[in-house]
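**Student:** What follows is the residue order along each chain.
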Amino acid sequence: MSAAVHLLPLSVVLPITAGVLAPALFHRRHNACSWWAITAAALTLATTLTLVSEALDGGLVRYPVGGWPAPYGIELVFDGLGILMGSAAGLLTLLILIASRAFVQTEATPQRHSLFHGLVLINLGGMNGFLAASDLFNLFVFMEVFSISAYALVALARGPVAALAALKYLIVGAVSSMLVLLAIALLHAQTGSLNMSDIGDRLAAAQAPAAAGLALGCLVVGFLVKAAVFPLHFWLPDAHASAPSPVSALLSGLVVKMGIVGLIRTRMLFAEADIFSLVALDLLLVWLGVAAIVIGAVLAMIQRELKLMLAYSTVTNMGYIALGLGLATPAAVGGALAHMGFHALIKTGLFLSAGALVLSTGLSRIDDLRGLAQRMPVSSAALTLALLAVAGLPPTAGFVGKWQIALGALEAGQPWLIAVVMSGALLTLAWAIRIINSLYFLPPARGQVLTADEAPLSIRAPILMLGLVAMVGGLAGAMVLEWIEPLSFRILEAGHGH
Amino acid sequence: MVVLFAVGLYIVLTSQNLLKKIIGLNIMETSVFGLIVTSGMVDGGSPPLLGRGLEAPYASPVTHALVLTGIVVALSVTALALVLIVRVKRECGSIELDELLEPEE
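Which chain is which? The protein sequence lines are Y and E, in order. Count along the first sequence starting at 1, add 5, and that's the number in the working numbering. Count along the second sequence starting at 1, add 68, and that's the number in the working numbering.
Here chain Y stands alone, though its shape is the one from the complex (with noise of 0.2 angstroms):
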């Protein structure tokens, strides 16, 4: 075991350890709990890119805890979801924590901003954690970790509204890890196990499939919820949009997209299993992404404030991952996957950029944004950027992911799902649109948008590289797909190497 291999531990215990450490340390202390928090994220970034390149040289990095083999021991694992996710999380919560030294103090009470530095960490962690476990019941503890530190995060807003967004967010959220856990519980009843890899192995011989098909539906809608895909996103256009911005991006960014990875691993250990045909999931998952495209887009649109429409494009752009996995082939998981990585990179640059706007001027409404770009052309140039990418226009990052969803439909003959993608890139398009026009080109309506500040450097320096990654970030899709496609084929082919 090579000394890399210990920092798969670290990547989880960093962060935790120092989150938990900054409310008690650095109370009341803004800036120095900031420094610290940011040193936290760099070093917890540094030792995931550390994995990375390990895992890129040698494949997977295997870290048996205390030394006991799986499946007896504990195990973790960072694969290829460890790298794209991990990588993404750790990158977008130390720029989301650099751009949090101005937000902060505005939008919450000074005496939550050590808690607020200390939860961004421990959820961090626990994404981390998420991503490397490879037994159910740590993937179960590290998702508690992660959403409940994201429900105390939606709460850290002020204001009544934000209270009562983040008690819906907390019971929906807790409704479906109840239902993970029961799932996990009926797989260690009739398996005796907890490994994944090796329930997988262990169910194709269990007696009972129907308690094994309830534990994959509870599995399933489980992580639906988690990752918000219609008709399971209703708690999230409220949690994201009244939370403040930098929570909104974290949510919106990655904490989704830890459902998904659920929803993948969920996949893997059944379709190794073997014990049924998937092709009802991937059915489900299909319409279910196809109705949220629509649907998402649809409402965004019809949206007045700002951090509302984000959050349905939220909505949307889950609907497109769903899509490309229910798909199935190897060209729409790879899509969803590039997805998964862009989507995070162009929605924390979008809930950044229109927070820094709603900052200066503390309007939410487009119509009162009006004319804004005059004086925070930066702010405004780096929304402008992300917005276009989320439309998925050709070179820009979200163009990729989309591009290989409508070529996976092709390749398993339903083309008629090539108009849906395309509908869905025009209707994001159409509310794009209406939030550059009123930023360029309409009069300015309200008094704030004339006296209006650019935002600070330490918020628009992030913004403007996440808006500049999401625009030119789809010239590197080759590469990425071309380093994706491995790994979708590994969760295509689960059970069938046997």
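Since the hints were made in silico from the structure, they are not lab data. Any given hint could turn out to be false.
List time: in silico BS3-like cross-link candidates among lysine-lysine, alpha-carbon distance up to 27 angstroms [said to hold, decoys possible]: (1) Y:Lys173 x E:Lys157; (2) E:Lys88 x E:Lys157; (3) E:Lys88 x Y:Lys173.
A short list of chain E residues far from chain Y (calculated; beta carbon distances all over 10 angstroms) [to be verified]: (4) Val71; (5) Asp111; (6) Gly119; (7) Tyr126; (8) Pro129; (9) His132; (10) Glu159.
Part of the chain Y face toward chain E, derived, beta carbon under 7 angstroms [what the hints assert, rightly or not]: (11) Phe142; (12) Glu149; (13) Val177; (14) Val180; (15) Leu186; (16) Ala190.
Every residue, glycine too, gets a C-beta built ideally from N, C-alpha and C.
Fit chain E to the known structure of chain Y by using the hints.
**Tutor:** Only chain E this time, still in chain Y's reference frame:
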């Protein structure tokens, strides 16, 4: 256990009172914990302890560890929910969901 789970889920979905929703959630959690513990039972099994003259077969100790962890998670969710309910009550003046949502319409 499945009945308990369904009862809990029903309360969460239909109750308008936030506090009752949390109670429903706790009923769901209890049912799942019960299911996990009973699944670890072995016919005629003794407690999984060494050195007390107890002999195999042992009941599975894993399930107890799982439930213990699960209870900690459930406790923290409940605590957070109760804090939020206190805040909703303080800021909105009610914990009945239908009363909370009405004035906005």
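**Student:** All hints, please: hold or fail.
**Tutor:** Hints versus structure:
1. With a C-alpha separation of about 14 angstroms, the suggested pairing of Lys173 of chain Y with Lys157 of chain E holds against the 27 angstroms cut-off.
2. Restraint check for Lys88 of chain E and Lys157 of chain E: satisfied, since their Cα atoms lie roughly 14 angstroms apart, inside the 27 angstroms limit.
3. Proposed proximity of Lys88 of chain E and Lys173 of chain Y is supported: the alpha carbons are some 13 angstroms apart, at most 27 angstroms.
4. The claim that Val71 of chain E is not at the interface with chain Y holds, since no C-beta of that chain comes within 10 angstroms of its own (minimum 13 angstroms).
5. Here Asp111 of chain E stays apart from chain Y, with its beta-carbon at least about 14 angstroms from theirs, past the 10 angstroms limit.
6. Every CB of chain Y is more than 10 angstroms from the CB of Gly119 of chain E (nearest about 21 angstroms), matching its label as outside the interface.
7. Interface exclusion of Tyr126 of chain E from chain Y stands, the closest Cβ pair being 13 angstroms apart, more than 10 angstroms.
8. Listed as outside the interface, Pro129 of chain E is consistent with that label: its C-beta sits roughly 12 angstroms from the nearest C-beta of chain Y, beyond the 10 angstroms cut-off.
9. Residue-level check passed: His132 of chain E sits 12 angstroms from the nearest beta carbon of chain Y, beyond 10 angstroms.
10. Annotated as non-interface, Glu159 of chain E brings its C-beta within 10 angstroms of a C-beta of chain Y; the closest such distance is 4 angstroms.
11. Here the hint on Phe142 of chain Y is kept, as its CB sits about 6 angstroms from the closest CB of chain E, short of 7 angstroms.
12. Annotation: Glu149 of chain Y was flagged as interfacial toward chain E, and the flag holds, the nearest CB pair being 5 angstroms apart, inside 7 angstroms.
13. Residue-level restraint check for Val177 of chain Y is violated (minimum Cβ-Cβ distance to chain E is 9 angstroms; threshold 7 angstroms).
14. Checking Val180 of chain Y against chain E by beta carbon gives a least distance of about 6 angstroms; that is within 7 angstroms, so the hint holds.
15. The beta carbon of Leu186 of chain Y comes within 5 angstroms of a beta carbon in chain E, closer than 7 angstroms, and the hint placing it at the interface holds.
16. Below 7 angstroms, beta-carbon pairs count as interface contacts, and Ala190 of chain Y has one with chain E at about 5 angstroms; its hint therefore holds.
This entry does not satisfy hints 10 and 13, going by the numbered hints stated previously.
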